[in-house]
Every structure is written in structure tokens, then in C-alpha cells.
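Participant: Residues per chain are reported as follows:
There are 2 protein chains.
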Amino acid sequence: MQNDFELLASDQHSKARRGRLKTAHGVIDTPAFMPVGTQGSVKGVSPRELCELNAQIVLGNTYHLFVRPGLDVIKHFGGLHNFMSWDGPILTDSGGYQIFSLAKLRKITEEGVEFQNHIDGARAFISPEIAMEIQAALGSDIAMVLDECVPYPCAYDYAAKSAELTARWAKRCREWKGRNGETAKRGLTDSPVRRFADSMLFGIVQGGTFNDLRRASAQAMVELDFDGYAIGGVSVGEPEEEMMRAVESAEPFLPTHKPRYAMGLGTPPQMLQMIARGMDMFDCVLPTRLARNGTAFTAAGTLNLKNAEFALDKGPIEENCACETCRQFSRGYIRHLIKAEEILGLRLITLHNLHSYLNLMSQARTEIENGTFDQFRKAFVAEYKTRDAIPVE
Amino acid sequence: MQNDFELLASDQHSKARRGRLKTAHGVIDTPAFMPVGTQGSVKGVSPRELCELNAQIVLGNTYHLFVRPGLDVIKHFGGLHNFMSWDGPILTDSGGYQIFSLAKLRKITEEGVEFQNHIDGARAFISPEIAMEIQAALGSDIAMVLDECVPYPCAYDYAAKSAELTARWAKRCREWKGRNGETAKRGLTDSPVRRFADSMLFGIVQGGTFNDLRRASAQAMVELDFDGYAIGGVSVGEPEEEMMRAVESAEPFLPTHKPRYAMGLGTPPQMLQMIARGMDMFDCVLPTRLARNGTAFTAAGTLNLKNAEFALDKGPIEENCACETCRQFSRGYIRHLIKAEEILGLRLITLHNLHSYLNLMSQARTEIENGTFDQFRKAFVAEYKTRDAIPVE
Numbered sequence: 001m002q003n004d005f006e007l008l009a010s011d012q013h014s015k016a017r018r019g020r021l022k023t024a025h026g027v028i029d030t031p032a033f034m035p036v037g038t039q040g041s042v043k044g045v046s047p048r049e050l051c052e053l054n055a056q057i058v059l060g061n062t063y064h065l066f067v068r069p070g071l072d073v074i075k076h077f078g079g080l081h082n083f084m085s086w087d088g089p090i091l092t093d094s095g096g097y098q099i100f101s102l103a104k105l106r107k108i109t110e111e112g113v114e115f116q117n118h119i120d121g122a123r124a125f126i127s128p129e130i131a132m133e134i135q136a137a138l139g140s141d142i143a144m145v146l147d148e149c150v151p152y153p154c155a156y157d158y159a160a161k162s163a164e165l166t167a168r169w170a171k172r173c174r175e176w177k178g179r180n181g182e183t184a185k186r187g188l189t190d191s192p193v194r195r196f197a198d199s200m201l202f203g204i205v206q207g208g209t210f211n212d213l214r215r216a217s218a219q220a221m222v223e224l225d226f227d228g229y230a231i232g233g234v235s236v237g238e239p240e241e242e243m244m245r246a247v248e249s250a251e252p253f254l255p256t257h258k259p260r261y262a263m264g265l266g267t268p269p270q271m272l273q274m275i276a277r278g279m280d281m282f283d284c285v286l287p288t289r290l291a292r293n294g295t296a297f298t299a300a301g302t303l304n305l306k307n308a309e310f311a312l313d314k315g316p317i318e319e320n321c322a323c324e325t326c327r328q329f330s331r332g333y334i335r336h337l338i339k340a341e342e343i344l345g346l347r348l349i350t351l352h353n354l355h356s357y358l359n360l361m362s363q364a365r366t367e368i369e370n371g372t373f374d375q376f377r378k379a380f381v382a383e384y385k386t387r388d389a390i391p392v393e
Numbered sequence: 001m002q003n004d005f006e007l008l009a010s011d012q013h014s015k016a017r018r019g020r021l022k023t024a025h026g027v028i029d030t031p032a033f034m035p036v037g038t039q040g041s042v043k044g045v046s047p048r049e050l051c052e053l054n055a056q057i058v059l060g061n062t063y064h065l066f067v068r069p070g071l072d073v074i075k076h077f078g079g080l081h082n083f084m085s086w087d088g089p090i091l092t093d094s095g096g097y098q099i100f101s102l103a104k105l106r107k108i109t110e111e112g113v114e115f116q117n118h119i120d121g122a123r124a125f126i127s128p129e130i131a132m133e134i135q136a137a138l139g140s141d142i143a144m145v146l147d148e149c150v151p152y153p154c155a156y157d158y159a160a161k162s163a164e165l166t167a168r169w170a171k172r173c174r175e176w177k178g179r180n181g182e183t184a185k186r187g188l189t190d191s192p193v194r195r196f197a198d199s200m201l202f203g204i205v206q207g208g209t210f211n212d213l214r215r216a217s218a219q220a221m222v223e224l225d226f227d228g229y230a231i232g233g234v235s236v237g238e239p240e241e242e243m244m245r246a247v248e249s250a251e252p253f254l255p256t257h258k259p260r261y262a263m264g265l266g267t268p269p270q271m272l273q274m275i276a277r278g279m280d281m282f283d284c285v286l287p288t289r290l291a292r293n294g295t296a297f298t299a300a301g302t303l304n305l306k307n308a309e310f311a312l313d314k315g316p317i318e319e320n321c322a323c324e325t326c327r328q329f330s331r332g333y334i335r336h337l338i339k340a341e342e343i344l345g346l347r348l349i350t351l352h353n354l355h356s357y358l359n360l361m362s363q364a365r366t367e368i369e370n371g372t373f374d375q376f377r378k379a380f381v382a383e384y385k386t387r388d389a390i391p392v393e
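Chains as they are written, first to last, in the numbering used here: chain A, 1 to 393; chain B, 1 to 393.
Take these hints with a grain of salt, some might be off.
[What the hints assert, rightly or not] If we take Cβ atoms under 8 Å as the criterion, some of the chain A residues that face chain B in the derived model are:
1) Phe83
2) Leu105
3) Ser330
4) Tyr333
5) His336
6) Ile343
7) Arg347
Derived by calculation from the structure, the hints in this document are not laboratory data.
Backbone N, C-alpha and C fix where the C-beta goes; we use that ideal spot for every residue, glycine too.
Could you build all of it, start to finish, from the sequences and the hints given here?
Facilitator: Listed below in C-alpha cells is the structure:
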């Protein structure tokens, strides 16, 4: 497969990397955070605001979009970029994670997964081939293979069998893309499926909390030669040490010249710890989800702006923060908005939180370039007050 | 009192007027629509978006802000402009309407109104003097006198007594402002109360659906010499004909050189009918409230974007609409957002609806200047499909 990933700098004191990934819809500087646009919208935020936040890529959830509005609608609109009016890169997951966390009455066979969706209970079937078809129709710039995401805790035998199934499914995704990519390229009309031939496909490493399974899964994926590699099945309820270990077990077996994506995490310190372990890309609902609950991220930890202590606070959410919210609005006003259930309140915190995540990645990139990433990471993690932070090493 | 209202043009075929009202925070071109910022925020919209929509003034609800966050908080932040980060003009109502529509266990005496607020049931008392104090603390550019807003239907005797009480309360508001304005002007420190001395105070005409009471109320208010006159107690459930008649009964007794404000209305055709009857200013929650329910305003009437017919609609909410929503997003996408309960959906419709209202006022101003307002009004009302539109005359 093509290689559109360029490694610009590597940290001497950790596995942190500074890279650049080229897609049909633009460049992504890594380490990168991808805001999550579950249902064709990053919750509370407009595409224009995403541009102003310097978000270089958003994630779309295949499962949610498949269930609603449905593939026919998105095909009719010429793909997800057109539908949601976002012309930057889009990474789509395969739907696997949501089938295993949201859908009901799942039945997994070699062929694929049958399930009832969580909205109207309609039955559906997704195979590796169908997962690729859907992502092609969405017009994904970076597609993910269909995987089974095992829960935590999970018995060794089940995790082993599941990782093998994920590897066989990954192979079928790889083959579908090879086959259909060639056919599509011979076609004349421009369409999301045609453009999908030039898009990227990432494999997903599974294996639960077992070092040898993580290694074997990584090796199986690398053998299939993907455009990038994700660590899946992390941040599913396991202790933070286990999450780090899952990444540490797989990472040495991934090629350095391909991007690595730690799926579905995390807190700001977790992302820095993952960067230090060689990860390049992240997605997480925390900045948008916590904002809707009145919680803001700062370098000193999270703030719950509902608290009475902020009622008369004239300061911004975070001193010296360059985001639009902090430049213009006080904690006291935002607290009032949240207490009064005004939509502007969650909008303002969402903008701040996304800025906070995106800015952390920007800082990390600069620190890697300057050779100071490891000090930066240690200082940041030490400053950040959270109950489950892992100790500074 | 000062007169900061300039009449720029008058329609030959109706009572429509084109004017300009100067306030300490900027100029308001009339006819003007004032978006409603009930709790210190126009629902779903940021101050920056209000600027981009060319909103020249917003309305703040004294009752809501008095109940939450409370006057101490707003005083601490130096007034409502600072608190909500809006530096354009603000008109505040007196709280009267909400006391009579939202609060519980009201007890009206000559002195004022005692009530339980609708949030935590705490008892409070508002007199004409307190209503002025609150609006001074909010830093209002245009304050309203405390009035009793009678329901529809209302017996003649009650409406008569109530209008007389409102007139006595208006006198007390006028006196409070005169007294405290002088004191404040002698003070040295800049504060919302100091600036309130230079703000405007509008009287409110009541009188229910009774022509003679409306006339008497208008005359009583004019005798007190306010900076502008509002028609209150309209759009409270009465038939549209009654609403128009209430305005027609009062308007001839209002001075032409002062602004007139028809409170709490209406649909786009209603506003044009009110402009034709000599009204200059409007406020209404319809554009923001209906947006949250998926309903958009267009020149052809309202659209409920939840309807299945829009699922595959690639067109904008309204053809040739210059708003940000219509320039970028399709009906089909917005329908999806509303069905999926995505906040962006109501944001996009809110922006369109506010643009629609503000743009209608801008059009009305141009048509008045060009001497074509009456044709414009008739054509607009005839085009607009709504169940309760009054016939074109």
C-alpha cells in the first residue's frame, strides 16, 4: 500500500514521534487529536468552529451513521464530507466497537456480526466486506478494519480466539479494498467509492490485556501490510497500567514508518503517556461529553463549573488560554449558563475543551521537535490533578 | 426626557415609519427586531453570532435574571453587558410579564407584587422602585416600567382597574429614575447605575381588549412623558384581530417622535401588520423557540424539518437566503441533526430563523425608504402560509 506518512522527528528520551500524514482531504500533523463526530456532527460544534480550532481531522462513527440517517441518505448526499459540510480529512471506525458496546442481541460468526441496533431494534448484519462498503460510501479518508472489541476483563482463551478472528476479518477487509479499489479506479465517475481507492486502511491490534496476544495480533496485522495500525480494545474499563501495557506489548512489532492510532482515549496525561509510547493519533469523546456536564479541562486538571465556588469568578476557565471562550467569557458567566441549562454554556466549554486537547497535541509536536518532550510530559503529568493518573516515571 | 429617536421616513400608504434610536451602546435602526436573551443568553447563540447576524439590540428578562443568577452576581460582574459579553444595546423588561405568567402565589397590592419564583419557590417582592433598581443594576439601555399584564380574556372592570394601577406604577418608575438619575450623575464612579441615568425608560400601555381603556392608558402614559411607549398585554392568547385592535386603539394617542414597541410578538406577517400600524420595535421568542423544535421560518411560511419529506433534500432551508446556515447546509442534513438530537441542528435553525426575522426588518426599512412598504407587506402576508394570518386588506 501507499505510504503517505512522513516521520519528521523522533524523541531521544522516549518513543515519541513527530510526523505528518497526507490524505486526499489534507494533511494531519501528528501527534494528532481527532474530535469525534459520532452522528455526522462533533457534538455542539460547527465545521467552521472546527476549522478555527485548527482541527485537522474528525472521526465519524460508521455504526451510528449506518443506523441513522442510514447509508442510502449519505450516498444520496455524495458521502459524509458533503453531508456534514466538512472538507477536511475524516477517519471512520468500522462500527465494531459500537456493535459490541451499544447494539443488542449480537451474534458473532466467522462471516460477521448480526445485531439489533439501539435506536429502533432493527436487525442488521455487518461483515468485514460490508464494513468496507459502508466506509467507502461514507467517503472515508482513513478506514478501519472490522474488529471484535473484547470487554474487560476477558478470559485468555476468548481473547486469543477473538484476536484471531479479528485478524481473519482484517485480511478480508484488506482484500476487499484491493479488489474494489482496482475496479473503482477503472471506473470513470468520481464518487466516494472511487475516491476510496486512494484512501487509507488501518489494521487494529486486539488481544485484551495479554502481552503475547497483543504481540501476535500486532504481527498478524503487520503481515497484512496496512497503511497504519491502531491499538483497539483499550480504554474499555481496564486499569490505566493495563492500558499502557497493551500498547507497550504491541508497539515494538509495528513498523516505525507507519502511523499508530490509540483508539478511544484518553485524558490529557494518558495521551502524553501514549505519545511517549510511540502513539501518533487519538480520538476521545471526553472533551465534548464532559463539557455537556459542565466540566472543563485545564493543565491543572478538570474543573466542574457547576460548583458554587465559581459563581463570582471573573477569571477565564484557564488563565492564558488562547481559546475563544477564555478570551471572552468568565467562569461565573459560564457557571450561570450551565446552571440555567443554556446551550451556550456547553458550547463554550466544548470549544475550550477541544482547544485544550488540540493545543496539547500542538505543544507535544513542538516539544518533540525541540527535543524537550520527555520533560514536558513529566511536568504536565505531575501538574495534572486526576484521581487515576499513572505515576511519573 | 431626552429624545434620541430620529424619524427618517414615513410611509404614505400606512403608518409605517423608518427611524433610528440612539443609545449609549449603539444605534438601533427601526423597525427593529430584538432577539430575546431570557437568562443572559439568546438561546443557542453566541454574542459573536449576534453581531454577525447584525442584531443591533437584545432583550434581557429582568425576572429570570433576578431569580437566577440573582442581582448580586450581575452587580458583581458590573452589569449585564459585561456579564454576557455583549456590548450592544440591551432592553430589559420590568419583570411584570413573567411575574404574571411564570411565578406562583402572586399577591398584588398598590405597593407592588409579592410572588414565589418558579425555580426554587423563594418568595420575593417587586415594587416599581425595585423594578427600576434591578434594571439600573443590570445596566439596561432601555428600561421598562413595572406593569400588570392582564390575561385574555379579562373582564372590563378588572382591565380598567389594572390599567390605572399600571399608570400609577409607571409614575413611580418615572419619579424613581428622575430622582436617582440626578443623584447618580453627581456621583463620580462609573457604574451601571451611574450610566442608567442616561438610559431610556419606556411606558407600557395596557387595557386588555377594550378600545377606551387602551386609549386612556396611552394618554396616561404620554402624560408622564417617557422616552418611548410599548403596547403590552398583546399576544397573550387573544385572536389576531384583537391584537391588531389593541394597537390601533392606542397608537393615535402616542407622539410620533417617540419609538413604539409592540411587546412579545409575533409571526413575520404579524410584525409587518404591526409596522403598518405604526410600531417600531418587536421582541419574540418564536425564532429561537421554534428552532429548538425543528421549525424554520421562510417567506412561504414555516417548515418542520423533522418531516420525512426533507430526508433527501439537498436544498437549503430557504432558496436565496444569505444566512450562514443556508449558504452551507442542506435541509436533509439539518433534518438528520434534529432527528438525532444533535445540538448543531437547533443551532443552525436558530441562526436561520434569527436571520429571517432580522432580515425582514431590514427589508421593511428599505421598503419604507423606497415608498413601497405597503405593497411589500401585502405581498408578503399573501405568500406566507400560516393558519391564523389575518387577511390582506
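Participant: Indicate, hint by hint, whether the structure satisfies it.
Facilitator: Checked hints:
Satisfaction of the interface hint for A:Phe83 is found here, the shortest Cβ-Cβ separation to chain B being roughly 6 Å, below the 8 Å cut-off. A hinted interface residue such as A:Leu105 counts as satisfied when its beta carbon comes closer than 8 Å to some beta carbon of chain B; here the least separation is about 23 Å, so the hint is violated. Contact between A:Ser330 and chain B, as hinted, is supported at the beta carbon level, the nearest pair being about 7 Å apart and thus within 8 Å. Restraint check, A:Tyr333 versus chain B: the minimum CB separation of about 6 Å is within 8 Å; hint holds.
Taken as an interface hint, A:His336 checks out: its beta carbon lies about 4 Å from the nearest beta carbon of chain B, inside 8 Å. Contact between A:Ile343 and chain B, as hinted, is supported at the beta carbon level, the nearest pair being about 5 Å apart and thus within 8 Å. Evaluation of the A:Arg347 hint against chain B yields a held restraint, the C-beta minimum of about 7 Å falling below 8 Å.
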